Amino acid sequence: MMKLTLKIWRQKNKQTKGHFVGYTMNDVNPEMSMLECLDVLNETLIEKGEEPVAFEHDCREGICGSCGFMINGVAHGPERATTVCQLTMRHFKDGEELVIEPWRASAFPQIKDLVVDRRAFDRIIASGGYVSVSTGNAPDGNAHLIGKDTADRAMDAAACIGCGACVAACPNASAALFTGAKIAHLGILPQGKPEQDRRARGMVAQMNTEPFGSCTNIGECTGACPKEIPLEVISAMNRDYLRASWKKRDDDVRTVRPMTEWSTGSKLKIDPNATS
Amino acid sequence: MTLDSKLPSGPIETAWQRTKFDLKLVNPANKRKHSIIVVGSGLAGGSAAATLGELGYNVKCFCFQDSPRRAHSIAAQGGINAAKNYQNDGDSVYRLFYDTVKGGDFRAREANVYRLAEISVSIIDQCVAQGVPFAREYGGALTNRSFGGAQVSRTFYARGQTGQQLLLGAYQALERQVHEGTVEMYPRTEMLDVIVIDGKARGIVARNLVTGELSVHMADAVILGTGGYGNVYYLSTNAKGSNVTASWRAHKRGALFANPCYTQIHPTCIPVSGDYQSKLTLMSESLRNDGRIWVPLKKGDKRSPDQIPEAERDYYLERRYPSFGNLVPRDVASRNAKAVCDEGRGVGETGLGVYLDFSAAINRLGANVISERYGNLFDMYQRITDEDPYKVPMRIYPAIHYTMGGLWVDYHLQSTIPGLFVIGEANFSDHGANRLGASALMQGLSDGYFVIPYTIGHYLASNKFAKADTSHPEVRNTVASVQETIDKLLSIKGKRTVDSFHRELGKIMWDECGMSRTAAGLEKAIGQIRALREEYWQNVNVPGSSEDLNQSLEKAGRVADFIELGELMCIDALKRNESCGGHFREEYQTAEGEAQRDDEHYSYVAAWGYRGPGNEPELNQEPLEFNYVHPSQRSYK
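Sequence lines, in order, name chains S and A. In this text, residue positions in the first sequence follow my numbering: the first is 94, and each later residue adds one. In this text, residue positions in the second sequence follow my numbering: the first is 29, and each later residue adds one.
No lab work stands behind these hints: they were computed from the structure. Warning: the hint list may mix true and false statements.
Claimed, not checked - Covered by chain A, per the in silico footprint, the following chain S stretches (three or more residues, Cβ under 8 angstroms):
(1) 157-169
(2) 199-213
(3) 222-233
Said to hold, decoys possible - Quick list of in silico lysine to aspartate or glutamate cross-link-like pairs, EDC-like style, CA-CA up to 20 angstroms:
(4) S:Lys241 <-> A:Glu165
(5) A:Lys330 <-> A:Glu340
(6) S:Lys141 <-> A:Asp527
(7) S:Lys241 <-> A:Glu400
(8) A:Lys523 <-> S:Glu140
(9) S:Lys110 <-> A:Glu575
(10) S:Lys105 <-> S:Asp210
(11) S:Lys105 <-> A:Glu582
(12) A:Lys327 <-> A:Glu340
(13) S:Lys110 <-> A:Asp576
(14) A:Lys523 <-> S:Glu136
(15) S:Lys105 <-> A:Glu575
To be verified - Which residues of chain A face chain S? A few of them, derived with a C-beta cut under 7 angstroms, are:
(16) Glu82
(17) Ile102
(18) Gly159
(19) Pro161
(20) Val238
(21) Thr239
(22) Lys268
(23) Ser301
(24) Ser306
(25) Lys307
(26) Tyr477
None of these values were measured; they are calculated from a predicted model. Ideal Cβ placement from N, Cα and C applies to all residues, glycine included.
Using the sequences provided together with the hints, build the complete structure.
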């Protein structure tokens, strides 16, 4: 068993100021994951009548992309190619202090504690991150032969889980690795070729509309990426974007306004006497 | 209640073609006048929402996660079956149909399964066209691997991340429709009830998980693609958020729940290591292609695996099932693992584990080839256990993975509430009592891309929809009851956390309604679950308020539903006095310890109706007929 101090960012909501709160844990099993460690902390907080720490998680197998926070300033913590759900506590030393805080980026507005709003990523995908093939339109699966090397390179880029670590790790909070990964995945494959220009222009335009910073080729993103998406995808994005802008046609690119509100505004009035 | 399953008559080979022709169509100009709600954004819900949007319907899609791309379909590893016969090894639509009916231990509907096998071929084409990077041969053709329960190679895959890539394909198609304006996406929004007006599903009540606001959404039809209920066991391979709430609340409004006791235990998961354990991690079944499963011959042999000579190892699956070997179906592999552990021959500290050994394959093919096939799985295993599977055999043990039961649907995938359709794992229809590997992805996408777009059109074209708005008394009643449940959960302020109840429920379910079941155990479990429910509503402690992000409150509602479902599962398992597929009643087994069905008395779907809290549910039976694959004792020897 290990003793650890967790200094965790607590923030009720976007409107309220946040602060760090220190929690001492005396019996951390080195086999448990970082998220299981937070589970144990939360159970004790609830029993003491305090609010548990809100954090995002779902599959706990490193594939859904829900989880993620900074541990001592490093996105997803110290292990390479590992999300916090698969980060076991054996990688920390007895008596260590861990500073845990959410992704920090204007494009990822705060929701609560370690939970942030990553809808900007969905909007980037919606702006062209697909092959426009409606259900029923497809030729036989083997109609296009695709060399193994090509399929493998596409898969390397397609492995992105959309967790946002790249943005959190980047000093500029750029979304270039995320956007480039999708542009590269689809651009490498013959199925994605017909829309290659349109896709690059659409996705880059949306990325620029969101409050992400610009890429200055620092490379922190790929180091933090739990799926080790290679930096080349950013060159692929730049190449596609440049070529597309050069050949620019007037079918205009439509971006959407970044939406940061959650409230639907139409608060339902419930009359408690309505049941009858 | 008489169940009208709307099964097509005539030859099964043309049944779906003929049905499609008979289904009414909605004129393209009229489609945008119809609104459809899709709850869930996984392979089933996501593909349905995208396709209905492409067709021109007005679609609203809901998910509780922060993005539709997080749905738990993403975690499927091994692959997706399709009867392409690209390997020229004797596969066909009929063979996939046959394998699935047999694999399901003759407890699925033949017509549904045939349709699934037929559509499997189009799914691969659609996904390839979307840019899903399936594994390929050097020559550029799609490649396949083998999976349990089949003697042909028909499983398509994208490394160990097939679910991820298929889901991202559906997600991208969905986001394209969001951009086009045909689909409105509601992330972080949980459906808490279905609104039924004049006997038809006309909308849902949902809670915004960030602000806590309840909202009402009205539509002409509602589709649930909300996944399975494996988390009733607390420890399972399901994502932490996976829950039964949407299905269960629809059940309480009149949708029958079918075969709840059919659950699948996956044989290859990483064993439990401690009390803090929050979930179990699956190692893809595809590993059984090249891994050999064994335990020591002698009881209590504590030597490390490399110290145990070949002659003192028992490759028990190869020994007992020479023709399928390590590739027997999941239920058979799981039960055998439990049996050898019960004999005291299990490995690892807890004795609840068996070896999955790759040394023979590494010697034969080289570590490079093995890494190419399973690299990410090996890395994941090493991250979790701190052991290197290239050098030391993996330790694996069965865990809850999938639920074959679900809301009852007819051939059109419509539940017993008109206008409420159920797709993917949330329905019961295609896998009988045991699902074959790589068939869940196939079913989710078949339902979403290729079945529901036809059958829902028929429903919309055949019915008139009176205007229903949020002022309707049923709407107000439904909202009030949802609010009441939330207020109640927050007001109890008892002594126990939601998770502590959930763990206790999970333990009862795993012990008595897990890999093997007995009448006495099930009766005991029913009593324990009833007591647990009583205690829950008096002693649960849900902190915080209903007006912001409150993860404890979300869990509290879901666990309340799991407790009620757990009781129904035990009742169903108790009522089914036979063993079939994943449902193994110790009283009913062959001399060799295989599951013994009782076709004379139990060849039916058990569809349960809700009769109020604490009341015995109502059993409805839909008889099963087998005209093509004749029920026999399943043999994988």
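Now the hints, each set against the structure:
no., hint, in the structure
1, 157-169, "holds (count 3)"
2, 199-213, "holds (count 6)"
3, 222-233, "holds (count 12)"
4, S:Lys241 <-> A:Glu165, "holds (6 angstroms)"
5, A:Lys330 <-> A:Glu340, "holds (12 angstroms)"
6, S:Lys141 <-> A:Asp527, "holds (15 angstroms)"
7, S:Lys241 <-> A:Glu400, "holds (12 angstroms)"
8, A:Lys523 <-> S:Glu140, "holds (7 angstroms)"
9, S:Lys110 <-> A:Glu575, "holds (18 angstroms)"
10, S:Lys105 <-> S:Asp210, "holds (14 angstroms)"
11, S:Lys105 <-> A:Glu582, "holds (17 angstroms)"
12, A:Lys327 <-> A:Glu340, "holds (11 angstroms)"
13, S:Lys110 <-> A:Asp576, "holds (16 angstroms)"
14, A:Lys523 <-> S:Glu136, "holds (12 angstroms)"
15, S:Lys105 <-> A:Glu575, "holds (11 angstroms)"
16, Glu82, "holds (4 angstroms)"
17, Ile102, "holds (5 angstroms)"
18, Gly159, "holds (5 angstroms)"
19, Pro161, "holds (4 angstroms)"
20, Val238, "holds (4 angstroms)"
21, Thr239, "holds (5 angstroms)"
22, Lys268, "holds (6 angstroms)"
23, Ser301, "holds (5 angstroms)"
24, Ser306, "holds (5 angstroms)"
25, Lys307, "holds (5 angstroms)"
26, Tyr477, "holds (5 angstroms)"
In this structure, every one of the numbered hints holds.
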